[in-house]
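These protein sequence lines are chains Z, S and G, in that order. Okay, so the first sequence: first residue is 1 according to my numbering, each after it adds one. Okay, so the second sequence: first residue is 1001 according to my numbering, each after it adds one. Okay, so the third sequence: first residue is 2001 according to my numbering, each after it adds one.
Because the hints were derived from the structure by calculation, they are not lab data. Heads up, the beta-carbon is just placed ideally off N, CA and C, and yes, glycines get one too.
Among the chain Z residues that face chain S by a calculated CB cut under 7 Å, a handful are:
1) 130
2) 137
3) 144
4) 153
5) 156
6) 157
7) 163
8) 164
9) 167
10) 171
11) 174
12) 175
13) 178
14) 181
15) 182
Taking lysine-lysine and the PhoX-like style, the derived pairs with C-alpha atoms no more than 20 Å apart in a straight line are:
16) S/1061 - S/1051
17) Z/293 - S/1107
18) S/1024 - Z/161
19) Z/24 - G/2069
20) S/1050 - S/1061
21) Z/153 - S/1107
22) S/1107 - Z/161
23) S/1024 - Z/153
24) S/1107 - S/1024
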Amino acid sequence: MNNLVVLPLLIPMLGGLITAIFRKNIIFRRLLSLLAIVLTGAASLLLAAQASRDGVQLLEMGGWPAPFGIVFVADMFSALLLVTSSLVAMACLLFAFRSIGEHRERFYFYPLFLFLIAGVNGAFLTGDLFNLFVCFEVILLASYVLLSLGGTKIQLRETIKYVVFNAVSSMLFLVAVAYLYAVFGTLNMAHLAQLVAEAGQSGFISVIAVLLLIVFSLKSALFLFFWLPGAYGAPPVAVAALFAALLTKVGVYAILRTFTLIFYHQPGLTHDLMAVLAALTMLLAGLGAVSGKDIRSILSYNVIIGVGFIIAGLAVFTLDSVIGSIYYLMHDMLMKALLFLLGGVIIIIVGHGRLQEISGLIRNHPLTGWLFFITALALTGLPPWSGFPGKVLIIRQALAGGAEHGGYFWLAGIALLSSLMVLYSLLRIFINGFWGETVLPRAMEKGSAKGLLYPCLILTLAGALLGIGAELFYPYIALAGNGLMNPDIYLQAVLGEVI
Amino acid sequence: METLMSILIGVLFTIGVYLILERKLLRIILGSAIISHATHLLIITMGGLKKGDAPLLALGKTSYADPLPQALILTAIVINFAITAFLLVLAYRAHGELGSDDMESLKDIEHE
Amino acid sequence: MKGKDVILQTVTKMAAYIILAFSVYLLAGGHHNPGGGFVGGLMVAAAVSLLLLAYDIRIVRTGFPFDFKTLAAVGVLIAVMTGMGSLIFGEPFLSQNIFHLHIPVFGHIELATSLLFDIGVALAVFGTAMSIIYMISEDTCAWKR
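Bound-form chain Z, shown alone (with noise of 0.2 Å):
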């Protein structure tokens, strides 16, 4: 029992509860939102010092012994990914606090942002797939109203098609959870994954199992990411890029959560449908990306891309190219957070993202021209920077890995030519928008961006450490992979002698 690994949970959940509750005082309300992320930060480390020291941290809520009472739990894998979004967060709220417009504070943009920050941290920490389902509910609902907050056009109508889509296929979520619970009469994920185990994983289960992965493919935007561009595409900067960072891969984590401890009897199967789902993803997104005519599409199919070379080294299935997965996860989180923020600064900057029209903002705006630069480097996958370690490892992994299925030369030829694309798209941004003839004068900016580059600095920071401090990160993201590929590790945490 540890009473910590609530506490990334509760302590947004409060601090949204309070700033809904005394909403008279935007200065408090800012100094609270900012409190209650940096405590979270601080939990979510120590969590992960514990988990990565005394292995993986469990807590039976109400006292209630694993597969019958509600577990938290807490492996390496949840606490690097806990870290990793408390920092994205206090990046996109120190950027919102410049930015999102006095109307958004005073109504609930605040307890809206924490409620959502709830809903990710407890998706990560949760150990059964109907808490699951909730916690995904609590994020969406809070990503609803903060998409349409504001009520603009634009939003209203993205708001609507994105609420209909994700309330179906959360009822296809609820489908196959139910179906599990017919078979098997638990949706604990450790008891579910030992009693598949035991039992093998018939065709039946592997219908199951395909079923969740065209749910989470939904959420996470892999293959199925028809929803994603204009839903990215309309809320303020902040928000976008809050979702943009946290909300597909929330659905990404689902996957290598569910794809490692429980349904990983039958590769053959799900990973080589992952195999395909993710070549499909980033080619289809990548040509979005390089045919997009507005900053805010391009940077939405960029995301799409992301999920789907993390997907590829789940596909690939060898230790090394899952531990890649989860190093381009925490860069591919950090990173696109960086990006729809700086996209955003132009757009803030400019007054619209139609990238004919702008041209030479180097000359009054060159750091934000550079950090723009570094990103789409880092994002291509270029070494000091942050998305090498990852790629690397996964198409070493695909190139080398996957004999006996002949191996996956096709799915790295893909990563590759999609890498490629990704640095096309955004150096098309960067030249077209920041070298050239400066059109715009300072005096006739739409808007300031004053203080909004400091939280982009954060990032880069962090992201360049993640890059250059590869060998420092190593060893604890090679435990996180380590617990996903040796499910027994979960299982003898969450059930103790019941093996």
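Start from chain Z and add chains S and G according to the hints.
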């Protein structure tokens, strides 16, 4: 009984999908609500349909019903209640702001 | 608003109290019997909706002069705090406890900490339901004028 329920669930899903594919916003909302009801029925059918008391073994109850599907459904109902309520308010706001509840006519709104 | 309906108003005056009393019964009995915070909260909301139908929104507003969104937040806060109480005692989060009391008139009473949780849930549900109803009904008034 399970067969009957399965057929009913299938019918509800059909109706829900049909309604969601309509163009009018209100029908889409009703469709998603009906799909959620179908899912709740599915959960309780999958948990096994039987009569019995609450599972308070300490009070000497011998025949008891599985409480977990019921707890799951209660949670799912609450969540769906919230989503449907939000959708209704959203549709209402959208109707006031956009002047239409026809999804087709919302297509060509651009960033202002 | 159209003309007042005397019969509806007279019935509402009595029925509202019965519904409110029943909702308290549901709320308090939720530990062992069917009922609990969610139903209790919805029941109170139903009573207030009835008042809204029979009377005007302004009259109901004078009867419930607080912000329902804040009420909902307070409700969730109470529920979360109940779970957090166990943190102080070093028990796992959400642990519960039962106290037994003897009160002269009512006799033996069982007080569970889950009742506090239920009260929080009831407030949250009541607040949420009412703020949705208010949001739509107030808006309509402004629109018609």
